[in-house]
Amino acid sequence: MTKYLLKRIFYMLLTLFIVATATFFLMKAMPGSPYANEAKMTLTQRHIMDQQYGLNKPVIVQYLIYLGGMFKGDFGTSFQYANQSVSSLIMPRLGVSMQLGLQAMILGVVLGALLGAIAAVKRGTWVDSTSTVIAIIGRSIPNFVLAVILQYYIGLKLGWFSIAGWGSFSQTILPTIALAVGPMAETERFVRTSMVDNMSQDYVELARAKGFSRMEVVRKHVMRNSMIPIVTLLGPYTVALMTGSMVIENIFNIPGIGEQFVKSILTNDYPTIMGVTMVYSIGLVVVLLITDIIYGLIDPRIRLQGSEA
Amino acid sequence: MTERVLDVKNLKIDFHTYAGDVKAIRNVSFHLNKGETLAIVGESGSGKSVTTRTIIGLLAQNAEIKGGEINFHGKNLLENKEKDWRNIRGNEIAMIFQDPMTSLDPTMKIGQQIAEPLIKHKGVSKKEAWDKALEMMKAVGIPNAEKRINQYPHQFSGGMRQRIVIAIALICEPEILLADEPTTALDVTVQAEILDLMKSLQKRVKTSIIFITHDLGVVAGMADRVAVMYAGEILEYGSVDEIFYNPQHPYTWGLINSMPTLDSEELDSIPGTPPDLLDPPKGDPFAPRNKYAMKIDIEQKPPYFKVSDTHYAATWLLHPDAPAVTPPPEIQRRQKKYAEMIKKGKLN
Chain A
1 MTKYLLKRIF YMLLTLFIVA TATFFLMKAM PGSPYANEAK MTLTQRHIMD QQYGLNKPVI
61 VQYLIYLGGM FKGDFGTSFQ YANQSVSSLI MPRLGVSMQL GLQAMILGVV LGALLGAIAA
121 VKRGTWVDST STVIAIIGRS IPNFVLAVIL QYYIGLKLGW FSIAGWGSFS QTILPTIALA
181 VGPMAETERF VRTSMVDNMS QDYVELARAK GFSRMEVVRK HVMRNSMIPI VTLLGPYTVA
241 LMTGSMVIEN IFNIPGIGEQ FVKSILTNDY PTIMGVTMVY SIGLVVVLLI TDIIYGLIDP
301 RIRLQGSEA
Chain B
1 MTERVLDVKN LKIDFHTYAG DVKAIRNVSF HLNKGETLAI VGESGSGKSV TTRTIIGLLA
61 QNAEIKGGEI NFHGKNLLEN KEKDWRNIRG NEIAMIFQDP MTSLDPTMKI GQQIAEPLIK
121 HKGVSKKEAW DKALEMMKAV GIPNAEKRIN QYPHQFSGGM RQRIVIAIAL ICEPEILLAD
181 EPTTALDVTV QAEILDLMKS LQKRVKTSII FITHDLGVVA GMADRVAVMY AGEILEYGSV
241 DEIFYNPQHP YTWGLINSMP TLDSEELDSI PGTPPDLLDP PKGDPFAPRN KYAMKIDIEQ
301 KPPYFKVSDT HYAATWLLHP DAPAVTPPPE IQRRQKKYAE MIKKGKLN
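Chains A and B are the protein sequences, given in the same order. The letter at position 265 of the first sequence is residue 265 when you use UniProt numbering, and the numbering goes up by one with no holes. The letter at position 293 of the second sequence is residue 293 when you use UniProt numbering, and the numbering goes up by one with no holes.
Bound-form chain B, shown alone (with noise of 0.2 Å):
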């Protein structure tokens, strides 16, 4: 079995509003394996990045977590005291954030930005630091590094400053690196970049990802294992074959539907909105906005099925006494090219 970097289990969060308290995380377990990437995929307010922050102990003020625990190295980090989580942060754990054109200081040099983690957790002289971060400039791809490096962020492109935020999350090599929709600010092309870059520097300093996103075009191409996420629930996760080519959730089959495919000629939408987190539905969140759902969908919360060893999913369609339903063509055809894959032996 493969070594598992960080265990969640059993997560809660609430938020307090004026309005109320918002169950923004309820009952959240899963794992990040060593050396892997894990997507989180989910629309707006799903909870994704409220369950990277808290791995990351940078929730907010109003956050109160309820329960569960998040074990890393044998300890719960929930139970992490502020001094614990400032010797973790930017040290074992790091996290790229989604706007480059914001997250660096304007009146810093880059050198510097970058120099920080490794000065503050490493205890190197200042010389060092400077060569260290002059060394992964260069290693994110920032062209003529030894000009660059006493220049300031307004002197960068978007994708150049995702790559210096790269740079300073890595710096300190992090056992887990958290990339909450890095390349969501950027255009095509440099998002392209941005992950063929996140993906060779993953190898070679061994680190594991959780990479957010609702971009499932950018999971296909990055990701060894996906989480679907709705209402501040996993509603279905498994290998990134499993999620794309064999999805049970009505909710994944939505998400894989809405996206473009070269010859798709028309995009659904999936109806209706989230629902209420001051209020969470009893049952399955996505029942009201599912054409599929039946009674106990509304009524029941549904347990997590067994699809394979890796894939498991929570939607009551998995029951034995469940109706056969039909899914859209589109997962039809997918599922086809899935049976077809696993006869060729394509999948392990």
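Isolated chain A (complex conformation) (with noise of 0.2 Å):
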């Protein structure tokens, strides 16, 4: 196991060396520059300001100087907000993204796993059918266009939650409906389709002729098989709240990691985006390293196959 976890990790840094790499580089292909009036400066002014952030030097330079801060911690100082360090500038931002994205990650995937489960149980009843329907709708409705309209009936007309805005719980609770319904469309369906098929397997049907009833073989048996796509989709889920956010976040006007993403990538801020992009990237390996971890303590067939290669 630790030999596993050791390559693991090996595996995972080489992941983030390679998307600092690209990300450097393919930033620097992009047109523009991280200058608000560039048409008006002169070329003086324009090399006084390249040296101070030391954009004068040749990009492979740059590279380098960058690597060896974001060894250190050092994701650099960023070029919209004067003085102020990426790290100081993502932190407080990155603690209100996670809690949005775990809070919409636990309600979704509670939920739909909950809805899943009662409609592979009560297959072929009305109950099936309407767990069904809300899967597709909650599936076909892009998020953003559920939180404009969430915003609109419930926190204009009913006025039962505040617009926008972030500070108290009550704050959270629509942009995290709006993200968390992707994923517990999907969860549902996954769960339904994995349940239905461990129940039809003949480990039910032994687990039955050892006199359990029907749910308690559901519980003692066809819930832990049935978690294992589950497990799968966590990582892809992970991805799809951190992108989703960066929209949802826009929308309630949320200070979260994704709303500066999005204003450091017009602006053309260099050290930000490289900052954000490096923290996505750290989040989602680890993710994906826990999502392996999960999958190994649900299914001992791949706990051993990964402590025996």
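Among these hints, one or two may not hold up.
Stated by the list, open to error - Per label pair, the in silico range of CB-to-CB distance: (1) B/Glu146 / A/Lys3: 56 to 62 Å; (2) B/Glu43 / A/Val110: 23 to 29 Å; (3) B/Leu59 / A/Val110: 31 to 37 Å; (4) B/Ile298 / A/Thr125: 43 to 49 Å; (5) B/His154 / A/Gly32: 52 to 58 Å; (6) B/Leu58 / A/Lys3: 53 to 59 Å; (7) B/Glu146 / A/Val286: 34 to 40 Å; (8) A/Thr125 / B/Lys75: 29 to 35 Å; (9) A/Ile18 / B/His154: 31 to 37 Å; (10) B/Asn80 / A/Thr193: 29 to 35 Å; (11) B/Ser157 / A/Ile65: 26 to 32 Å; (12) B/Met101 / A/Val110: 22 to 28 Å; (13) B/Gly20 / A/Thr125: 22 to 28 Å.
Stated by the list, open to error - In silico lysine-lysine, BS3-like type, Cα no more than 25 Å apart, as pairs: (14) B/Lys337 / A/Lys122; (15) B/Lys81 / A/Lys220; (16) B/Lys109 / A/Lys220; (17) B/Lys147 / A/Lys3; (18) A/Lys122 / B/Lys83; (19) B/Lys83 / A/Lys220; (20) B/Lys295 / A/Lys220; (21) B/Lys126 / B/Lys147; (22) B/Lys127 / A/Lys220; (23) B/Lys75 / A/Lys220; (24) A/Lys220 / B/Lys23.
Read the hints as simulated data drawn from the structure, not as lab findings. Heads up, the beta-carbon is just placed ideally off N, CA and C, and yes, glycines get one too.
Taking the hints as your guide, dock the two standalone chains into a single complex.
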């Protein structure tokens, strides 16, 4: 297991290095510059600015300086907000985004799993059809459309929650719902299919022949086996919630990392783009590692292959 | 007279399908004596599995029991509520399934899977159940059981998994064990081991076995009595010697004739296919495939004619007015051997 983990961590670092390199050079290839009034600047002004931000050095040197800083945990200074380090810009926002993402993921996956399980157990009844319809609707409506609908009807018409902003827990509810509906719908479908598939397996029949009721068999045997595909979904969900939250954070005016990311791209704020990209990447590789570990915990077949390798 | 643990009378089961009602079990009666092994033989779709599933109350949703009774402990099992079934299943009546590769939960430790019925039915502690599971694993011949008990199904071979399934079935020491083709999915050498194991455990646990198979070779070594099933009916039943050496129904002849023996050069097969049970035949269901069939076979269902106290067959050929027919040579050979065996007093 330790050997397996070390191997995985090495690959994670390699992935992050490639992401950092690719992002850095792609960004440099982007047209435009970080300066707001580039057209009005004199050449001297430009030289001074370039020197200040280290943009006069050859690209490869800039790259090496950047990499060196990153290893020390220093992502540089933001162009947009003078004298503010990227880390201090990202950190408080990261907390906000993580809270939102986690809330949405938990709500979506738990609710989806529950709906899917009920649909599978009550297969072929109106409960099943209702659950299917909910899933189809949830899957078809883009979350930004849902966000606006929620803002209008629940926020404005009913006035239950505030339309936008961030601070109290009640303000997190609408964006959480908007973000959670997609994963919920998908989880519902996956869990239903997986459970229906598992319930027709021979081991369920054997468990019934042991004297267990249908519900006992579902609880003791089917649930655990049906969870395997959900674990697979956690990785993609993390990505979806990260990118999805960029839009949702903008709509609800939430000071999260996604909102910052969009701003930094629009202003060519190189250090911030790099910083946020790296934070996203780290988040993703860590989630993928966790996913694989959970996989092993649920399914002994995978665990053994990993540790024997 | 030997004690009967199970008595099935006039069982009738239909399956509702889109095409109509399939009359899968049509008036099946048999009984199971204490401590014996009854083999139910027949080809696919003859109703063997449906019969056993009825005995353990695990019929498919679209099945409907149209009549009959299954008496067990003086109670008709067919009147059971789901709750009554749960107390019987795995406890008094247990079942072994055909495919050991898929009948164990892939994500649960073997020990726990074996211990589950014990905790459920006997109210023992987890620790006790675990100890008993270990004991059971040793009894079914799993080497290194102390270590293996913590492993998962994928770490076991097919034969070992079937041993585990047997351990699960027998851990509550059930009175009746239903074995639905327990060796069909295994290769032949492993088959023999599993059959030996079942026989030795049967003596130890004192259980009665209903053994479902389409393999007559397995029956010969395993069963005390045999019931031959075809198209949802039992056509002939008797002791294993009576069925193997003195078969009366042409279908049984066909089955025995298509069984490979050491000196058979070419295998005979039974021509045709079983009847469509959406619209079952009026008379003897085997008549359309039977070269010995008479007019009455098609028109009227034959009753069970008594051959001996334990041997009955439903064929008009046993009627006093029936013309004498010459069975296939292999059957004649067997019947001759049977007569010799009786003369020598080898049969009781």
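To see whether the hints hold, each was checked on the structure:
no. : hint                            : in the structure
1   : B/Glu146 / A/Lys3: 56 to 62 Å   : 27 Å, violated
2   : B/Glu43 / A/Val110: 23 to 29 Å  : 50 Å, violated
3   : B/Leu59 / A/Val110: 31 to 37 Å  : 36 Å, holds
4   : B/Ile298 / A/Thr125: 43 to 49 Å : 45 Å, holds
5   : B/His154 / A/Gly32: 52 to 58 Å  : 56 Å, holds
6   : B/Leu58 / A/Lys3: 53 to 59 Å    : 46 Å, violated
7   : B/Glu146 / A/Val286: 34 to 40 Å : 38 Å, holds
8   : A/Thr125 / B/Lys75: 29 to 35 Å  : 32 Å, holds
9   : A/Ile18 / B/His154: 31 to 37 Å  : 35 Å, holds
10  : B/Asn80 / A/Thr193: 29 to 35 Å  : 33 Å, holds
11  : B/Ser157 / A/Ile65: 26 to 32 Å  : 60 Å, violated
12  : B/Met101 / A/Val110: 22 to 28 Å : 33 Å, violated
13  : B/Gly20 / A/Thr125: 22 to 28 Å  : 25 Å, holds
14  : B/Lys337 / A/Lys122             : 59 Å, violated
15  : B/Lys81 / A/Lys220              : 22 Å, holds
16  : B/Lys109 / A/Lys220             : 12 Å, holds
17  : B/Lys147 / A/Lys3               : 24 Å, holds
18  : A/Lys122 / B/Lys83              : 20 Å, holds
19  : B/Lys83 / A/Lys220              : 18 Å, holds
20  : B/Lys295 / A/Lys220             : 57 Å, violated
21  : B/Lys126 / B/Lys147             : 18 Å, holds
22  : B/Lys127 / A/Lys220             : 18 Å, holds
23  : B/Lys75 / A/Lys220              : 31 Å, violated
24  : A/Lys220 / B/Lys23              : 35 Å, violated
In terms of the numbered hints stated before, the structure departs from hints 1, 2, 6, 11, 12, 14, 20, 23 and 24, listed from lowest to highest.
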